[in-house]
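**Q** Chains R and G supply the protein sequences, listed in that same order.
The first sequence lines up with residues 1 to 1001 when you count with the UniProt record's numbering.
The second sequence lines up with residues 1 to 418 when you count with the UniProt record's numbering.
Honestly, the hints are just simulated from the structure, not real lab data.
Sample of chain R residues facing chain G (criterion: CB under 10 Å; computed from the structure):
1) 144
2) 148
3) 214
4) 217
5) 279
6) 282
7) 322
8) 347
9) 349
10) 595
11) 599
12) 601
13) 603
14) 606
Note that the Cβ used here is the ideal one computed from N, Cα and C, for glycine as well.
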Amino acid sequence: MLGMSANSVSYNEQGSVESGVDAAQENRITTLLGWNEDLKEMLESNKESLKLEAMKRIVGVFHPKIKNLKKLVYVYLVRYAEEQQDLALLSISTFQRALKDPNQLIRASALRVLSSIRVPIIVPIMMLAIKEAATDLSPYVRKTAAHAIQKLYSLDPDQKEHLIEVIEKLLKDKSTLVAGSVVMAFEEVCPDRIDLIHKNYRKLCNLLVDVEEWGQVVIIHMLTRYARTQFVSPWREDAVFDENSAKAFYDSEEERRVDQSKPYIMDPDHRLLLRNTKPLLQSRNTAVVMAVSQLYWHLAPKHELSIITKSLVRLLRSHREVQYIVLQNIATMSIQRKGMFEPFMKSFYVRSTDATHIKTLKLEILTNLANEANISTILREFQTYVKSQDKAFAAATIQAIGCCATNISEVTDTCLNGLVLLLSNRDETVVAESVVVIKKLLQTQPSQHSDIIKHMAKLFDNITVPMARASILWLMGEYCEHVPKIAPDVLRKMAKTFTDEEDIVKLQIVNLAAKLYLTNSKQTKLLTQYILNLGKYDQNYDIRDRTRFIRQLIVPNEKSGALSKYARRILMAPKPAPVLQSAFKDRDRFQLGTLSHTLNSQASGYLELSDWPAVAPDQSVRNVEVVEPVRLPCIYLVFKDNVKNSESEENSDDSNKSSSSQSEKSSSESDSEKKKTLKNKKPQQQKLDSKDSTKLVLKGSYDAISSFPFSLECYKLMRVLMLLLLFCLTVSPVPVTTPKSSILSPNLLSDLQGLLISPTASALQVGVSPVFVPETSHELLHRMTGKGLSAQYRFTRQPCIYGNSMVSLQLTLSNSTDQALENIHISEKSSTGQNIHRFNAIERLEPQASVTVSMGVDFNDSTQAANFQLCTKEDEFSVSIQPAVGELLLPITMSEADFTKEQGKLVGMNESSATITMTPENVSSQSVNRKVVSVANLGVIPSGQENIYRFSGKTVSSGSLVLVSVVLKDPDAVITINTEKTVMGSMLLRQVKTALTNSGP
Amino acid sequence: MIHSLFLVNASGDIFLEKHWKSVVSRSVCDYFFEAVERATEPENVPPVIPTPHHCLINVLRQRIYFVAVIQSEVPPLFVIEFLHRVVDTFQDYFGVCTEAAVKDNVVVVYELLEEMLDNGFPLATESNILKELIKPPTILRTVVNTITGSTNVGEQLPTGQLSVVPWRRTGVKYTNNEAYFDVVEEIDAIIDKSGSTITAEIQGVIDACVKLTGMPDLTLSFMNPRLLDDVSFHPCVRFKRWEAERILSFVPPDGNFRLLSYHVSSQNLVAIPVYVKHNISFREGSSQGRFELTLGPKQTMGKAVESVLVSSQLPRGVLNANLSPSQGTYTFDPVTKLLSWDVGKINPQKLPSLKGSMSLQTGASKPDENPTINLQFKIQQLAVSGLKVNRLDMYGEKYKPFKGIKYMTKAGKFQVRT
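Just chain R, with the same shape it has in the complex (with noise of 0.2 Å):
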C-alpha cells in the first residue's frame, strides 16, 4: 500500500505525542487506511498545488481495483456506523444490490457487512435480507444469514420471534458449514427452544465430524444441554458417586446389574451421540477435545468415561494458557473419580518452570488423586516440592501435605511429623503454614500430641508471621492441659507483648488468658485481669467487644447471669476438627468447559444444565419422514472461459465429501421443489459470474464503467467512499477539528467531486447496461418432443455481439437420454425472413450434461416469431421463438430535458396512453420502477419530480426511440407511450398496464 513504509515511520511518531485528546482514536483510522500525517497536511493546507498532489494520490490508492476500496469502506462502515449514522445509510442501497448478485460469495460478504451496520433504522432491510439469505442457494450465504441472525438480535430483541423462524429453517439445512452457524445463533436467541433441535438432533450428531472445529464446540455443547433434557440416566441412581477405588465401584455396579430386575437400556440417540462425538477427541483443536470431554462427563454411562482421560492428558502439552483451564477441569474431575487419572499421576507431577497457578493447579490435583497406595510416592514429590525457591508454591504445598494427611488416616503420623521437621525451616513463610497446617491436624487428632505443642511452644519466640503466632496459641489454650506448666508462661510473655501484636494473635491471646483462667486460675488471675484491662482500652473495638464479653463470662459477680457457671463448657467444649477439601469441591455445580466453571461463579449467559428426566419424553419427536430423493435429470454446465466458477458452484453445492457424480449431487437435495428453480437458475448464474469477476476490476478504463452492470451504484459506492475519506481526514475524530479543516472540507468535497463526475458523467451517456435482467427461461423445446434433448432460452438484455440490429439470446441444451447427442446445431435455411446468428455445432453433448450458448436473431422490431430448426446428428425438430415487445428494445439514458423534448416530437398518431387504477402496493417509486423495467428493457432516467416516472430506450433493429411515462395521480395513473412504432407501442402500452396493475411481484 501507498503509505505503507512511511506509516511505520508516522506511527511511532505519534506513539510519542500521547496527549492529544483522542490521538489514539485518530491514530486508528490513519493506520486503518495505510494513511499518513503528511497526506493529511498537503490536503489542509492552503496551496492548491498540494492539495492537487494530495488528491491524485488518494485516488492512486484506490482507483485501480475497486473492490480492495470496498474491501475499506467495509472495514470503516462497520466500526463507525453506530456514530455516523447519516453516512452509513447512504450506503445501505448499495448492499442491498450487492445482495441479488449472481455470485454467491458477493452475496454473502454484502449480507456481512449489511448486518454488521448497527444503525437501528436498517432493522427492518436486515430482516428481509436475511429471510432471503436463508433460502439462497448456496450454503455460504445461508451460513452468512445464520450468523446476522445474532447480529440483528443484538440490535434490536424484538425482531426474536422472525428469527426463531429464520433459526427453525436453517436448522433443517443438511450443509456442513451451515451447522455450526446456525446453532450458534440458536444458542443466543433462544436456547430453551429445545423443541426445534429434536427433528435435526440426529443429522446435527451424524454431521458433526464434517462440521468444522469452532462450529463443534458449539453444537457439542448444545447437544450436551439437549441430551440432559432428553435421555435418563446411564448412571446407577443408587450408585457411589464419591467412590474410592475405581475396582470397587465397577465391582458394586457388576452385582447391581445383575440383582435388577429392569436393566437399563440406553437410547439409541444417545448412543449415537456418544459414538459421533469420540473421533473428535483425536482433534487438534484444544476446545473440540474439552468440548468432547464434557460431554462424556455429563452424559456418558461412568465406565466408558475412561477413554476421555488420554486426550486431556495430552492438552496439558499445549500451550500454557490451555494447560491451565484443562487442569482446573481436572481439577473437579479428579474429585470425584480419582481412578479416571491416577494412571498419569506423574503427569500432575510439578516442574520448576511452571507458571505459579499451573503449579498450584497440579498440586490440587495431586492432592486428590493422593490414596494409600500412591501417597508415600505423592509425599516424596512434595517433599521436593516444599524446598522450592518459589515459597507461595512451598506454603501451598504444605497445605496440601496436610490435606492428605486428614484425608488418609494411614499418614497421618508421618505428615505431622514430617511438617514438625518443616518447623525448623528458615523460612518463615514455610513455618508459619506448617504451624497453621499442624494446628488443624491436631485438632482432627484428639490422640496426645503434647511434646508438638510443646516443641511449638519453643518455637514460638522465633516465629513472626501472626496467623502462625495466633495457631500456636490457640493450640495452647485449646490443649491447655497438656501443657500445664508451659502455658502459663507462655501467657505471661504474652502479656508483656501484647499491645506490640497484631489484632488476630490478641484475639487468641485474650482467648488464651480466659482459658488458663478456668482450667489454672491460681496460677493465671493476675496474668489475666491484666490483659484484660489492657483488652480494655486497646484501639480495636473487636478485641474491646471480646474482651468485656470475655470478662462478663467468666469473672463471677453479681451481675453475671447464669452464663458464668457455663463458661467452663462453653469456652472448653469440644470442636468439631476442620474438614480440608479442594477449592474445587464446589464446581462441579458448573458445566465443565464453560467460562462460569472456571471463574467459579455464573458468568452472564450461561446455561443451567439440567437434571436428568426421572422418565424419557417421547423419542418418537426426533423420528424424521424419510423423504425419497428423487431423481430428477439435472444440469449443469461447465462452460468455456468460466469453468473456474462453475467448479466454484460446483463445491459450494453441497456436503457432498467428492465431487463424484453430479446426478448424485442433485439427488441428495431431498427437495425436488428447490431443484426445479436450480435448473432453471443455474445456467444464468454462471453466466453473469464470468462477467462480474472480470468487471468487477474496473482497471480505471470508463469504458469498463459504463459496461458494469451496476455502474451506478459504482460511482455512488465511490462518491461515498470519498465522502467517508473526507470524513476521517477532516472532520473525524470527534471535535478535535480545527475550524480550518472544517472550512476546507466543502472546498475538498466539490474538487474531488468535481475530479471524478466529470469523466464518467460523460461515459454514462454512451451506453447503458440493463436495469433489470429477468431470469425466466422459456421453452424452446421439450425433452419428450425433443427424443431426449432439451432446450430453453432466455433473453439477457445485452447488446448482441453479433450484429447491431440482434436481439442477443442465451439457449440452453441439455441431454437427458443416457446417450451422447453429437453435432447440435440449428439448420442453414430459416423458415421465415429472419436473420439469425447461429451458434457454433456443439460437436458432443454427454448424458446428463447441458451446456449454454448465445445467439442473436433480427426480430426486425416486430413480435413476429423467429423459426428454425434444431439440429442433432440424427433429429431435426421445429422450434421457434416468440419475443415479448419488451425484448425488443435496448435501454438508453438521458437527461430529463431531454427527454420532454423528444416526447414533443412524437406525438399524435406516434403517442398511446392509458389511466389505469394503481394497487396501493404498486405506488411506491422502487415497486413502478420496477415493474416497468422487467415489463421492457429500458432505462430509468432520473426524475425530479415525486409522481413522473421517466424511462427510455430504443427499438433494436431500428434504433427508433421508446420513451415511457408514468404519471401518478393517486389512485389512478397515467401511462404515455411515445414511439414511432406504434403497434410496439400499443403493444408495449397493454404490457405495461398489466403489469402496473396486478399486485404481484
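Model the placement of chain G on the given structure of chain R, informed by the hints.
**A** Relative to chain R, chain G alone:
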C-alpha cells in the same frame, strides 16, 4: 463470543485494538494491568481475569499479550485456542510475531482480523483460505505495491471456504513435486537427585512440507503403529481409515502443516540419552559454593547428541559464579540469576564439564534447595520411540513425487533435580 481484542506489549502499552461488535473502551484493560502488576513474572498472569462487566482472556506469546474481551458465557478454551491461532497466522504471514512486525504490517493485520472473525465467531482460520484472500507481504510485493498503489487484498474470492477440503486451495502447480515429512520426538523427563528417572514420556509430531501439484491423495503407513498411544490429527486425516487400518490417509494442505501429534504409550520404557553428574553445594556460614557439572551420553543408539544447552536458575543468594567450561561457553546473569551453558556436541571420549565456585551474599543463609537443571539437546536421525514410517503412497495424480522422511529427537521439558 469474542467482543474485542487488545494487543499489549511487554511495557504495558496497548498498541492495537480491534472490535467486532460495539466498541469496548480501552479502560477495560486496567483490570488486566492490575493482574499483571500482581503477578511477579509475565507467565504468572492468570489467563482468565473476571471484571464486573466483562471477562478478559489473555494469552502470552512472544512477549505480547493478546487480550480478548468476552461478555457472556463461552468455553474459555475456545477463545484461547482462537487467540493462539491468530498468533500462528501472524507468524505464518510475517515470519515472526513481534510488536514491530505487527506495526509494520498493521493494514494486513486488520484485514486478517476482519476475515478471521465475524461478529466474534471464527469465520476463516485456515491459513490456506486466508492466503487466498489476503496475500502475505513480501519484499517484492511491498515494492510493487508502493509503486503501483495496490494492496495485498487478493483479487480472488475465497473459493476455498466453499470447498469440502477447505485446507487445500485449488489449482496448485509445482514444477518439482516434493513431499517431506519430519518425525520429531520430544522427551519430557524429570530426573531426580540420584539420577533415576521419576517420570519420562515421549511426545512426537509429524510435520510435513508438501508441495504437490493438483489434488494428491496420500497414504502414510508405519512399521509399528502400535507405539502410538494417543494421537491428534490435522483435519485432513481420515479418522475412520486410521481406526480400521492404522494408516494415515489424507489430502494434504499446500505447504507446511502439522499432520499428526502423538504420545507414545507409557508402558514403553523411555531411553534417556544423556546423564548429568552434578555436585552443587553450599556450605553453612561460608560465602562460597561449589559447582560441578558433567554431561555424558547414555542410551543414544550410537548417534551423536548435539546442540546441548544447559540452563539453571541459581538461588537468589548467589552473587556471582566463577566457572570454567571444558567446552562451549557459559553466561551468568547476576540480575536474573540465570546460568546458561551452551555445550554444543557431546564427545563421548571427552565429556564436557563445567566446574568452579559461586560467591554468595555475605551473611545470607545457605539456600535450602539446589537449583534444577534444564537440559536441551538434539539427536539427528533417531526417533527415540523407535517409530518408523513404512511407506508413503500417492493416488489421484499421475506424476511421481520426490519423498523424504527425517527423524529427530529433542529434549522437551527435560529437568534434572539436584
